[in-house]
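Chains as they are written, first to last, in my numbering: chain A, 1 to 102; chain B, 103 to 204; chain C, 205 to 340; chain D, 341 to 476; chain E, 477 to 606; chain F, 607 to 736.
Because the hints were derived from the structure by calculation, they are not lab data.
Honestly, I wouldn't trust all of these hints.
Rough simulated footprint, nothing fancy, chain D against chain A, three-plus residues with beta-carbon under 8 angstroms [claimed, not checked]:
hint : region
1    : 32-39
2    : 44-56
3    : 87-99
Below, in silico cross-link-like pairs of lysine-lysine (DSS-like), each with a Cα-Cα straight-line distance of 27 angstroms or less [claimed, not checked]:
hint : chain 1 : residue 1 : chain 2 : residue 2
4    : C       : 267       : C       : 282
5    : C       : 288       : C       : 316
6    : B       : 160       : F       : 631
7    : B       : 144       : C       : 288
Beta carbons: idealized from backbone N, C-alpha and C, even for Gly.
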Amino acid sequence: MSTLHTVNKSPFEKTSLDACLSHASAGANVLLMEDGVYAATKGTAVEQRVKQALDSVKLYVLGPDLMARGLSEDRVIDGISVVDYAGFVDLAAENDKVQAWL
Amino acid sequence: MSTLHTVNKSPFEKTSLDACLSHASAGANVLLMEDGVYAATKGTAVEQRVKQALDSVKLYVLGPDLMARGLSEDRVIDGISVVDYAGFVDLAAENDKVQAWL
Amino acid sequence: MSETIKQFLYLNRKAPYGTIYAWESLEVVLIGAAFDQDVSLAFMDDGVYQLTKGQDTTGLGMKNFSPTYAALGDYEVKKIFVEKESLDERGLTLDDLQHLVWEDEDDDWAEKDSIKLVSREEMTAIMDGADVVFSF
Amino acid sequence: MSETIKQFLYLNRKAPYGTIYAWESLEVVLIGAAFDQDVSLAFMDDGVYQLTKGQDTTGLGMKNFSPTYAALGDYEVKKIFVEKESLDERGLTLDDLQHLVWEDEDDDWAEKDSIKLVSREEMTAIMDGADVVFSF
Amino acid sequence: MKFAIQINEGPYQHQASDSAYFFTKAALEKGHEVFRVFFYHDGVNNASRLTTPPQDDRNIVARWAELAEQHDLDMVVCVAAAQRRGMVDEGEMQRNGKDATNIHPRFRISGLGQLVEAAIQSDRLVVFGD
Amino acid sequence: MKFAIQINEGPYQHQASDSAYFFTKAALEKGHEVFRVFFYHDGVNNASRLTTPPQDDRNIVARWAELAEQHDLDMVVCVAAAQRRGMVDEGEMQRNGKDATNIHPRFRISGLGQLVEAAIQSDRLVVFGD
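Excised from the complex, chain A in its bound form (with noise of 0.2 angstroms):
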């Protein structure tokens, strides 16, 4: 079954993101939203992990929470996809369900 998993926490601050991809498995979508949107930029101390989760599950940053972070979608890094309110629901039907780490 595929799990849509969301984190909404800065990586920086909490160690939600590392727990949700040690435990997501091949082929699953996360979605980084709320203050979880860091994880998505280039150049951190992050971005190798992130990167290397990229292997085996398909990244998504929600585009409102970027935007509102002053973090313009080229400070993206290469492979995540940036989706709306409206992507976030669909993800959400896609995937069998839906798994927050809070």
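Position chains B, C, D, E and F against the provided structure of chain A, taking the given hints into account.
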């Protein structure tokens, strides 16, 4: 000026302990409280980091918070002092200020 | 109450007492037990701290809710998965946790262990198999 | 309002919008400016994200409070310390942050930079020098 | 498709309620059904009719109430969580000997079973929290 | 010695208010003065007189009110934070056109200046939060 730093989150959930320890100057006092008390126990993945901190700062842990979590005092790393709320008040009074790492 | 049987997974990743999530999550499990779904509880990350023995909240004036875990067997909640890597990281072993059991009606009410120690890989498989994941 | 002059340090370690702490902290700074204390603001860890340029909250329907930082100079808040290590870890440089200034009355109202980039060691010294630390 | 939404945090302090709102709105606009929005933990505080946010900010409670009105949403506040946090309707006021109510009329207080039922009846449970 | 206490989180969800209570109580028992307890952010929710916690758990609001009564504590709720979260006294009710109040009479609503003043007048500011 001497400072009492307080850390109230688990080092496995949040990065505040590390932020505190990397900014506490020599001779500072650090109180582990609430979910922060987990950092005071032996055998964890952060034990070495905590022991290393003991070389330059004095560490305290709040006893009632340990007890609530089922952690007896013999699980506490040597060199960390257990205090109660009265001891917390004394620490706050003896130091020149209290800095909370929220 | 419903003919649908779903695989429910309650995901417990937070420590007790510092926040209320652990306790209010357990309240959902107790209520949910009446709905006859296929229930599993996963304890990982700081969630493993919820199950420690000897919790004594006298000094905090809070309700000690840890005895409630021992009642889960009576609610037919008997699949409790604890992640080994999470215990290791925290310097804990199964001996530090409560011994939770359920009584097997089909085996002359023999007491059986509810807690199963699983690896991170097994935990991933358990999560993958769930229909609904409750997070708190 | 008081003859005591204290060294106030506002410690900003949290990102904006995901939680309200950054904004409600800034409200204290604005109110506190009327009390004529010696005020410093420290931005470190995720707090550095508060100062990024180009914040646009249209898609969230939230108030964009980032322009308020530019008004701090008018409130005589002119000591804003940003930790270099925190920027580095997040792939940011000073160019990614707003350019905050204050006007120096004693120097023909010349605009001067409010933000000072400091090392972790300097940040430690700044914290040590404070009389009161506000955390949110 | 049928969605159930769970919200664990109160208004303003965390973004959880905002994210849940935009998700719910987008789901409805796409023609999906939202079986129930369940407010748990501090999430119960989203139901207060007594909030007065600044005029230049969003009104979280009013926004939920309007969306519920337009789409006939079932917005349920957990009774146990509500009691701990002082969210009160007429029935709770009388039962607990209180002298006021503070719940917005578009929300209703009920038991945790409503969350479990929503998870069973819906195709997806989506949780928003801290 | 004179203490000022700041509480950033509401009751029950986080331990902040509990820790602050025991600290304040211990400080008073040691003969220290507590200049003010300031409730900020979700901390304002500690002032609700409408809570009904389970009988086998502590009553956080009542406990604060009793301590305040015994020691004539000044317990201040930030007005801006209170408006966002629906914590209302008589004055706020009238000013904002609300139809009820929910604040416990032992607390008072006032401005953020009260926090700054407390920090100036006290020897120590101790902050409890998330």
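Identify every previously stated hint that the structure contradicts and give their numbers, smallest first. Of the numbered hints given earlier, the structure breaks just one, which is hint 3.
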